[in-house]
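K.L.:
So you can see what is in the structure, the chains are spelled out below.
There are 2 protein chains.
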Amino acid sequence: MKTPKPRLAIIGFGAFGQLAARHLRDHARICVSDPVSRADDLPQVGLAEAARADVILLAVPLSCLEQVLTEIAPHLRPGAVVIDVTSVKLRPAELMQALLPDHVGIIATHPLFGPESARDGIAGHRLAWCPLRGGEHRRLAAFLRWLGLKVLTTTPDQHDAEMAMVQGLTHLISRSLGALGPMPTRLATASFQHLIEAARMVQADSPELLRTILCENPHAEPVRRRFLDAAAAVTG
Amino acid sequence: MKTPKPRLAIIGFGAFGQLAARHLRDHARICVSDPVSRADDLPQVGLAEAARADVILLAVPLSCLEQVLTEIAPHLRPGAVVIDVTSVKLRPAELMQALLPDHVGIIATHPLFGPESARDGIAGHRLAWCPLRGGEHRRLAAFLRWLGLKVLTTTPDQHDAEMAMVQGLTHLISRSLGALGPMPTRLATASFQHLIEAARMVQADSPELLRTILCENPHAEPVRRRFLDAAAAVTG
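Chains as they are written, first to last, in this note's numbering: chain D, -18 to 217; chain Z, -18 to 217.
Mixed in with the good hints, there may be bad ones.
Which copy is meant is left open, so a pair is good if it fits within one copy or across any two.
[To be verified] Computed list of lysine to any residue pairs in SDA-like fashion (alpha-carbon distance at most 20 Å, straight line): (1) -14 - 35; (2) 131 - 215; (3) 131 - 166; (4) 131 - 174; (5) 131 - 167; (6) 131 - 169; (7) -17 - 72; (8) 131 - 56; (9) 131 - 165; (10) 131 - 48.
Note that these hints are calculated values from the structure, not bench results. Every value quoted in this text rests on a predicted model; they were computed, and no experiment measured them.
Use the sequences and the hints to build the structure in full.
P.N.:
Structure below.
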């Protein structure tokens, strides 16, 4: 007799929740909980029922995380694992550790890919991985590596420090270039084309994500300040 | 009887002068004039003799241009064509028109490539092209197109306006990122990698080139100011 597939609840069925469902549907019995978005062919459940799954994937914006954690906490089963996927890690880690019962595992993660970059598959893409509580993270990391992901273990603080550079600077520069209006294309150099491509890739990101990256990462403001000071100091 | 190949004097035998010599040696009788760099197998001449060629390519830094123009001016033959390749165009155009005799053609150009980007050949690369005096530019543009270059006709002012964005922003951002110290690589996103690649491609450019791009382009300072204001205004 085969072991039954684990039950996976995806809470928040936006762009990332849908991407996760596509790649995990052959490996888990998935249910979805979202007040607005519906999955055509997956069971739609309330938060209390979603909380009774084996693995609970929180694919909600950071601004909703505290409320969702409060609502699911009383319903989580011993041994369940709760995983978030927001773009910063210190604040979600703090919330999950404060609001979730001791009998569940907690993993704070940040997939460094999305529907656009993983259009041709998730193999080779990277996932920042911060195991916070429980031992189930080893088996789950092995599963994700088997899917082809590069699972990079780190801490919430180290993650946010690196991402203050990686995402903070990319978004800061992208928004600043966007504010200058249309960019020249006829005389564009190869290096300028890389700059424009960097800006293009993140310009469709939501205001909510921009706010998370710039305001909810405690390392972001010092990096932003250093970049602005450096830019002001550049002279020929 | 074949028409003899034109005589081409390359004044300034730095990275770009050497690149030009490699790609033009089969098509012209080349001589080189440079106070320091020597060409192993090309005749080395003084400025006065270089000025007597059919085509004179000025591959010197902008800071030397006025002096070189003053020295070659009395020796230029009627019908000769003088071409510069500096990274801005208003200032060199002004100098060439003021200092060169009426009996020579003048073309201000800016090759949007260099030894690194044209490592595998010049075909497909772009050249900003500002004919300023004389009619010989049509035949020369046709020759360069035959070599595979994209010859983009523009004016010095239009060139400098576009380049204030293209080169001004690339160098400003590159230098600012450089000032922040080592960039994270483990958690780098695809968009951040484009940013880092843009910065890497120009980081070896000389201080002289940086000064030219930021200080000798009258459009550069307003663009720099607008970028800094936009960056300061980005909030989550």
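K.L.:
Taking the hints in turn, state whether each one holds.
P.N.:
Hints and how they fare:
no.: 1; hint: -14 - 35; in the structure: within (10 Å within a copy, 80 Å between copies)
no.: 2; hint: 131 - 215; in the structure: neither (37 Å within a copy, 32 Å between copies)
no.: 3; hint: 131 - 166; in the structure: between (35 Å within a copy, 14 Å between copies)
no.: 4; hint: 131 - 174; in the structure: between (28 Å within a copy, 17 Å between copies)
no.: 5; hint: 131 - 167; in the structure: between (38 Å within a copy, 10 Å between copies)
no.: 6; hint: 131 - 169; in the structure: between (34 Å within a copy, 12 Å between copies)
no.: 7; hint: -17 - 72; in the structure: neither (39 Å within a copy, 78 Å between copies)
no.: 8; hint: 131 - 56; in the structure: neither (32 Å within a copy, 66 Å between copies)
no.: 9; hint: 131 - 165; in the structure: between (37 Å within a copy, 16 Å between copies)
no.: 10; hint: 131 - 48; in the structure: neither (31 Å within a copy, 58 Å between copies)
When each numbered hint is compared with the structure, violations occur for hints 2, 7, 8, 10.
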